[in-house]
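A.B. asks: These are the residues of each chain, in order.
Protein chains: 2
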Amino acid sequence: MKTVFKIVLLGAGNVATHLGNALFQKGHDICQVYSRTEASASVLARTLQASPVADIAHLQTGADIYLCCLKDAVLHDVLSQVKDFGNALWLHTSGSLPLSVFEPFTQRCGVFYPLQTFSKQREISFEHIPFCLEAKHEEDLQIMKDLAASLSDDVREMTSAQRQNLHVAAVFACNFTNSLYVMAQEILAYDKIDFSILQPLIEETAAKVRHAEPARVQTGPAVRMDRNVMDKHIAWLEARGEQEKAALYENMSLLIYEKSQQENKHNP
Amino acid sequence: MKTVFKIVLLGAGNVATHLGNALFQKGHDICQVYSRTEASASVLARTLQASPVADIAHLQTGADIYLCCLKDAVLHDVLSQVKDFGNALWLHTSGSLPLSVFEPFTQRCGVFYPLQTFSKQREISFEHIPFCLEAKHEEDLQIMKDLAASLSDDVREMTSAQRQNLHVAAVFACNFTNSLYVMAQEILAYDKIDFSILQPLIEETAAKVRHAEPARVQTGPAVRMDRNVMDKHIAWLEARGEQEKAALYENMSLLIYEKSQQENKHNP
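Order-wise, the sequence lines are chains X and Y. Going by my numbering, the first sequence opens with residue 2, and the numbers climb by one from there. Going by my numbering, the second sequence opens with residue 2, and the numbers climb by one from there.
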């Protein structure tokens, strides 16, 4: 048995695009796409065989679910313009906004947070993406579980507080990690070495923590406080005017060394 | 045609173990394994059907290749104890030591650097690992290329200066990245959220840069300098006494934002 939902999609950015496409491909009926930029609404609506709308006043009523994939700063503003919430279920997909943002407006509400990094021009499979759900009402939670389960095999309940925690952790594991890739590419550029040389290392580093505690598989000069190598690396960066990277190198190395000392104490 | 080399392996750590196993599996003859810890030499030698040796004075002569997988700080000391370098080819596997470490001792020498992170209890496929080679003599470079090609399809020549650069970049892309995974796990522990929830995100973050410039796929609150979310995250960390992570959060976010401003200027 499969439930097909009638969905109004609010937003036309990366999350709206990827999530909208996935829902559409699973047979859900995306009836309308809202974006305050008319062109963005049109482009996405065309793909999803939906109607575009650029004015909240023209939002249709009677859908099952209103799925808000909007920037945190915009959601409250958009909600305050909605005239009729009807009896529909309203969801947002934000990692950092609590469920309670909906409370001044409607009681049938929930959070539908897919934990993934979405970029334009990159296909994403939702199959194993964790969906973190929170609902005001138990009956709505069941609807959200059905919706999430139509996309992914990893559906979890999570409170707003847990999701806030998860979002902070995700910034470290994803956003900051990507910025280290950016820095590595900038470093390699000094000798015209192509970034692709790092790809097997990057993917192995990521794959390794699937089965091992990250702290147990930490490698590199900082684990053993190899000052000789570390100082050479820092001097290399400083000689190229890369003061910020040199400072970050020192800082991260100390954090790694401290942690490895703790690890050795607990797991000698 | 395939050349089988007679190899003496110096070292019994992670690199020696993984590289020794791979060479053994490809049919090369590992005749001796040296480690100053006799037990370590014995364990690895048994796996590789080699003789263990814990005293440099008992190193056998007449092998084709002496492969030094030793800590940087130890290599010079070990070399200074070797009595007879014979006419063999001596190689080291270090990212940060120059070729010239061999020069006081022998002229037939080279660097055989596999760019990967090696941990105990984790099988590694060498198939696509970049091998970065440097040799004193052209004839030896050909031998090293044959040896590397027996393990991997990615064999490159690289000067000591380029390899030094690469090693710095690898510390950022691998060692520092893993330490971000460690921090993410520590953060999740506050709400008893299992680290495995991040695995799809971590692997997607790594896979994404295979086909895209890292700077073009940067996501998260810092790209758009979303101070509202950033301040919530920093306050969250500070409220838990995580001052170091809070400071790192601020610092990394600024680096990400600066970079994204540059990107927008060049690729509006």
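It is worth saying that the hints were derived from the structure and are not from the lab. You may find that some hints are simply not true.
Given that identical chains are not distinguished, each listed pair holds provided it fits within a single copy or across any two copies.
Keeping only pairs whose Cα atoms sit at most 27 Å apart, straight-line, the calculated BS3-like set for lysine-lysine is [said to hold, decoys possible]:
{"no.": "1", "residue 1": "K260", "residue 2": "K137"}
{"no.": "2", "residue 1": "K233", "residue 2": "K260"}
{"no.": "3", "residue 1": "K3", "residue 2": "K27"}
{"no.": "4", "residue 1": "K84", "residue 2": "K266"}
{"no.": "5", "residue 1": "K72", "residue 2": "K27"}
{"no.": "6", "residue 1": "K121", "residue 2": "K266"}
{"no.": "7", "residue 1": "K3", "residue 2": "K84"}
{"no.": "8", "residue 1": "K72", "residue 2": "K84"}
{"no.": "9", "residue 1": "K233", "residue 2": "K137"}
A.B. asks: If the cut is 27 Å between Cα atoms, do K3 and K84 qualify within a copy, between copies, both or neither?
C.D. replies: neither (31 Å within a copy, 76 Å between copies)
A.B. asks: At most 27 Å between alpha carbons: which applies to K121 and K266, within, between, both or neither?
C.D. replies: Classified as between: cross-chain Cα gap 19 Å, same-chain 45 Å, threshold 27 Å.
A.B. asks: When no copy is specified for K233 and K137, does a C-alpha distance of 27 Å or less occur within a copy, between copies, both, or neither?
C.D. replies: between (56 Å within a copy, 23 Å between copies)
A.B. asks: Is it within a copy, between copies, both, or neither that the alpha carbon of K84 lies no farther than 27 Å from that of K266?
C.D. replies: Neither. Shortest intra-copy (61 Å) and inter-copy (40 Å) distances fail the 27 Å Cα cut-off.
A.B. asks: Please work out whether the CA atoms of K233 and K260 approach to 27 Å or closer within one copy, between two copies, in both situations, or in neither?
C.D. replies: both (22 Å within a copy, 26 Å between copies)
A.B. asks: At most 27 Å between CA atoms: does that hold for K260 and K137 within a copy, between copies, both, or neither?
C.D. replies: neither (40 Å within a copy, 40 Å between copies)
A.B. asks: Using 27 Å as the alpha-carbon threshold, which applies to K3 and K27: within, between, both, or neither?
C.D. replies: within (10 Å within a copy, 52 Å between copies)
A.B. asks: Should K72 paired with K84 be assigned to within, between, both, or neither, using CA atoms and 27 Å as the limit?
C.D. replies: Only inside one copy: K72 and K84 sit 20 Å apart there, 69 Å across copies, limit 27 Å.
A.B. asks: With identical chains treated as interchangeable, where does the CA-CA distance between K72 and K27 reach 27 Å or less: within a copy, between copies, both, or neither?
C.D. replies: So K72 and K27 pass the 27 Å test inside one copy only (25 Å; across, 54 Å).
Hint check: violations occur at hints 1, 4, 7; the rest are consistent with the structure.
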